[in-house]
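Asker: As a plain string of letters, each chain reads:
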Amino acid sequence: MAPPRKRRPGFSRKAQLQIFTGYLLAFTGAFAGLLLLALSRFDPAAFSAVRSVAAEIGAPPARLFTGMRVGVQDGWREVAAYFNAGSKNAELQREVERNRIRLIEARALKQENRELRRLLGLIKQEGRPVATARLINSSASSSRRFATLDVGSRQGVQRGQPVRAQRGLIGRVLETGPNTSRVLLLSDAENVVPVRRARDGIVAFSQGRGDGRVDIKLIDIGINPFKVGDVMVTSGNGGIYPPNVPVAIIEKLTGDGAIGKLLANPAGTDFVIVQEIYEPELVDPEASGLPPANSETAAPASAPRTGEPVKKPAAQTGPTPAPAPAPATSPAQAPGQGRP
Amino acid sequence: MNAPYRARLNREPSTFRKAGVPIASVLIGSMTPLLPIVASAPVLPPFGLVVLICWQLLRPGIWPVWAGVPFGMFDDILSGQPVGSAVLLWSIILIALDLIEQRYIWRNYWQDWFIAALCLIFGLAGGLAINNFLVSDTRLSVLYPQMILAIFTYPLVLRLVARLDHIRLKR
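Protein sequence lines correspond, in order, to chains A and B. Each residue of the first sequence is one higher than the one before, counting from 1 in the numbering used here. Each residue of the second sequence is one higher than the one before, counting from 1001 in the numbering used here.
The shape of chain B in the complex, shown without the other chains:
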């Protein structure tokens, strides 16, 4: 067999790219608090969590269920939340997504969006609840703009993640 033919048949995407692109995308999403935005209210959607949820919904089973622990740790260090909050919340979200995936196998786009919205609201409200438990009270209404923004970021990030998936599986 000639080399060109061998190159064109039976090709596999690079393993590094296959594993690395999703991980890198979540980490980059978690790094958004490093952007030079000095906000006096929480406004930025939690991009790390959005990207994580998108990958999980687009390619179920791409992460082991425990992936929320390392990703959450990284997010906690950068986000300003008390360390451990994203570890806890993201783990719960990934376990929930896994159970949903087993129970409801065929879902359409809107159902996915609904599930993602619930997860995002849980993640944000949970973070606030942890803060309120640790220090002092902030009202939930502070989070409404961020929640709405995060829910409407989901479709955009999903498209981006789908594009990244093409890159990831390119042969």
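Next comes chain A alone, as it looks inside the complex:
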């Protein structure tokens, strides 16, 4: 049957008007949606209050369920660990022996590193932990990648703070409510992180692809130096993310970089740590006995003690504001200048 040409529900004026108003309202609503989108474009935080209220209301059951989920996962892992327990145990013991020595070496290196940094006048802010929490849910049906953290401003969480798990970086805090906060995950397309290759420090950017992986984009385009299996860590450039947090392992090479798999899978992590925003800082140069990195006036004061030409230390300490590569250039001149 062909549909009637005129869609009139009879002679009732009221019924006709109702249909008309329905359509009018629907189109107005669609237009209002466009306006709201325009508002979100110009003020992304416009609806954060409403969202955080919704998150707060949804948090208690989600917390409960997360606890149950983690419990089940842990239980399963424990059961799975009984398979091949004997051979695994022997292997682990050998590994422990090996690692113990490496750990001692690493401790010594850490100590040395700290010493050198202090000499250089660079405080390495480790990003003290603000809070430890769980990710309780995420925008699993949206193409943006957000997750909800079950701590908020009452626990000291602030906007922009980096969030990491034991295995690597997770993302950063985007919005905070009283007891919950929203985290922009690394795999979101908006999350750009300066990274470097752990092996040799080739700098690059990581940008989310939306599917649990990241694009690693080289800064200087040239021959693609990446190899499958390279580990990328944060470089600490630009603040926010502390340096040397593992980010991704390279999975596939592309024309202008690579595709990396995230090292810390947010789905598999139990607890995450919210850290303070990383900002590389210089302590006062008098305390360390070194010339400040970017002032010419302080250089002559300390240079005569070492007996070196005046210009040389100033020229060498020039690149120190970049926090990561600094220790490599400085130790040559630093030890002569008096440890505090």
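To be clear, the hints were calculated from the coordinates, so they are not data collected in a lab. Don't be surprised by glycine CBs; every beta carbon is placed ideally from N, CA and C. A hint or two may mislead.
[Said to hold, decoys possible] Not the full set, but computed from the structure, chain A residues with beta-carbon under 10 Å of chain B:
1. Tyr23
2. Leu24
3. Leu39
4. Ser40
5. Ala59
6. Pro61
7. Gly67
8. Met68
9. Arg69
10. Ser142
11. Arg145
12. Arg209
13. Gly222
14. Asn224
15. Pro266
For chain A, the structure is supplied; the task is to place chain B on it using the hints.
Answerer: Relative to the frame of chain A, chain B by itself:
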């Protein structure tokens, strides 16, 4: 007339239940992002939209055409999409379903499924397009698993909605 007979004749389903069950089911569908699933890719079908489409196809005319606005608003707040995206997309989908309902009156199950699939693909791809317009680029291929999952969720949700319809109209 005795009371038992009066109770058995001329009974009407409760108005509250009649109106409330569909609304509640869509809202609950929209609340799935609150489940403790921490996904690093979009995997969960948009249950709110699926339930909405199911009700609209099963009982045409159950919603006024503008119902996409409040439902979309609720979904936007919970889903993590920029507020306004579902308001816009769901309104368009409901208007389209209404027009389809007027033009093609007798449809079979497979045609309904096809229509629902088109609506779901439009809803998901539209959400991605809005995100790409507002922030930066994500490839459409990211959504393929979610689209497939959503299309195959439709028959299941339709059965659930049909069951809910029984509850709704129970006298």
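Asker: Evaluate each hint against the coordinates.
Answerer: Structure-based check of each hint:
Satisfaction of the interface hint for Tyr23(A) is found here, the shortest Cβ-Cβ separation to chain B being roughly 6 Å, below the 10 Å cut-off. Interface hint status for Leu24(A): upheld, as the beta-carbon distance to the closest one in chain B is roughly 8 Å, under 10 Å. The interface hint given for Leu39(A) holds, since its Cβ lies 7 Å from the closest Cβ of chain B, which is under the 10 Å cut-off. Taking 10 Å as the C-beta cut-off, the interface hint given for Ser40(A) holds, the closest approach to chain B being about 4 Å.
Among the interface hints, the one on Ala59(A) holds; its C-beta lies about 9 Å from the nearest C-beta in chain B, closer than the 10 Å criterion. Among the interface hints, the one on Pro61(A) holds; its C-beta lies about 7 Å from the nearest C-beta in chain B, closer than the 10 Å criterion. With a least beta-carbon distance of about 9 Å to chain B, the hint placing Gly67(A) at the interface is held under the 10 Å criterion. Interface restraint check for Met68(A): the shortest CB-CB distance to chain B comes to about 8 Å, inside 10 Å, so the restraint holds.
Interface hint at Arg69(A): satisfied, since its Cβ lies 5 Å from the closest Cβ of chain B, which is below the 10 Å cut-off. Given the 10 Å rule on beta carbons, the hint for Ser142(A) holds: about 4 Å separates it from the nearest Cβ of chain B. Checking Arg145(A) against chain B by beta carbon gives a least distance of about 7 Å; that is within 10 Å, so the hint holds. Because the closest C-beta pair between Arg209(A) and chain B is about 7 Å apart, less than 10 Å, the hint holds.
A least Cβ separation of about 24 Å between Gly222(A) and chain B goes past the 10 Å threshold, and the interface hint is therefore violated. Below 10 Å, beta-carbon pairs count as interface contacts, and Asn224(A) has none with chain B, the closest being about 21 Å; its hint is therefore violated. Hint status for Pro266(A): holds, given a least beta-carbon distance of 5 Å to chain B, under 10 Å.
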